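Enquirer: Read off the chains here:
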Amino acid sequence: MVDKGSLRLRITGLLFLLGVLAGCSGIRPYPEVRPLNLSIRTETDSGSFFSNVRASVDIYRVDSLCRTEYQGTVKLDRPSVKAGIPAQSLSYMVFVFSSSSFLAGSKGTMSHGALLKARPNHTYDIKVSYKKDIYNVSIREDGGEKPPGREIEIRDMDSCGK
Amino acid sequence: MKNMFPFSLLIAVLLSASLSGCVGSMPQTAEEFRKAVPGAFMGKVETFEVNRPFNAVAETFRKKGPECLNKTVTTTSTTPGQYGPVVSRYTVAYKPTVLVNKKRAELHVQHHTDNTVKVYKEPADGYYLIVADAYPINKEKTRVDIYRPSMGHDVMLKAIRGWATGDNVGCPDLTKN
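Which chain is which? The protein sequence lines are D and R, in order.
For what it's worth, the working numbering labels the leading residue of the first sequence as 1383, then goes sequentially.
For what it's worth, the working numbering labels the leading residue of the second sequence as 3, then goes sequentially.
Some hints could be false.
Claimed, not checked - Derived DSSO-like pairs (lysine-lysine); straight-line CA-CA distance at most 27 Å:
#1 LYS1499/D with LYS1544/D
#2 LYS1544/D with LYS65/R
#3 LYS73/R with LYS1457/D
#4 LYS120/R with LYS73/R
#5 LYS120/R with LYS1514/D
#6 LYS65/R with LYS1514/D
#7 LYS1509/D with LYS65/R
#8 LYS73/R with LYS141/R
#9 LYS65/R with LYS46/R
What the hints assert, rightly or not - Partner residues aside, some chain R positions facing chain D, computed with beta carbon under 10 Å:
#10 PRO68
#11 CYS70
#12 THR77
#13 THR81
#14 LYS160
#15 THR177
FYI, nobody ran anything at the bench for these hints, they're computed from the structure.
Bear in mind the structure is a predicted one, so any value in this text is a computation, not a measurement.
Ideal Cβ positions, reconstructed from N, Cα and C, are used throughout, including at glycine.
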């Protein structure tokens, strides 16, 4: 006969251990930053029943010397996700596509970085797609007071400070 | 026992061997690569026309080549071994180069793989893998020649064709290449 108190203690201990391990993994959820100026729409399709792909975006703060500081990760596990990045300062978003193939026993991760300096009173519509091994990231800035807005060129960290 | 050597790397190795077979050296420039591929056992020249102005094709190459192909990719695969799972890991660094003038837009893709034996001299930035050339036919049409391995690298080739046609300007998942 199992002692309920002992069982609860074991479950609590296990959950605590899992929490510690999750913290040690180095990945943490991106905190809520207001205003929510990013609207991220995601579509993924691995193209095969025997493989799958997951998308997420790691967000970094970038200082005047182009040094990055990890702020957190937003899982793109829903068709539409909102997040916020500080206006008037540079942020670096790394879109990560993690794919795995069950039959081949292989997995891989592709990253695609985008530097963005958000402007006050503007929102950004980000489309992320992964279909049959081809991925795409596009960023559109809304017009604010002057529609219709503009397409933002995707720039990697190499272009920081240039 | 399942062959664990990645298929695309195998094709690249076979192409390398066939390109160097007669002269004992690897193409060191894109032009040498263009000359070697037509006669190579594992090489192929693919030619097609697109209903797009040359300037548009060139601009897409200029924009998407560096954005999508300037990557270092590590792929991990696990296969059953005699005494347990065997994990293989390899890293490939891709280097795109785009050159555009009034007569031709060129996209070169080189690749360098870690932990492999280099039998022949490797060009700076890696062996040539693909060279795609776009030429204006008239104001609305462009011809594209792709010098490439006859097998493999389907994902990268699909992306390059998409850039030429304008139908799909996404980036290839190079872990599937």
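Enquirer: Does each hint fit the structure? Answer for all of them.
Expert: Consistency of the hints with the structure:
1. LYS1499/D with LYS1544/D: holds, 14 Å
2. LYS1544/D with LYS65/R: Holds, at about 17 Å.
3. LYS73/R with LYS1457/D: OK: LYS73/R and LYS1457/D at ~23 Å, within 27 Å.
4. LYS120/R with LYS73/R: Between LYS120/R and LYS73/R the Cα gap is close to 21 Å, so the pair holds against 27 Å.
5. LYS120/R with LYS1514/D: The given pair, whose Cα atoms are some 33 Å apart, is violated under the 27 Å limit.
6. LYS65/R with LYS1514/D: With Cα atoms ~22 Å apart, LYS65/R and LYS1514/D stay inside 27 Å; holds.
7. LYS1509/D with LYS65/R: Holds. LYS1509/D to LYS65/R sits at ~18 Å (cutoff 27 Å).
8. LYS73/R with LYS141/R: violated, 34 Å
9. LYS65/R with LYS46/R: holds, 26 Å
10. PRO68: holds, 8 Å
11. CYS70: CYS70/R check passes; min Cβ-Cβ to chain D is 8 Å, inside 10 Å.
12. THR77: Result: holds, 5 Å to nearest chain D Cβ.
13. THR81: holds, 6 Å
14. LYS160: holds, 7 Å
15. THR177: OK, holds: THR177/R within 10 Å of chain D, min 3 Å.
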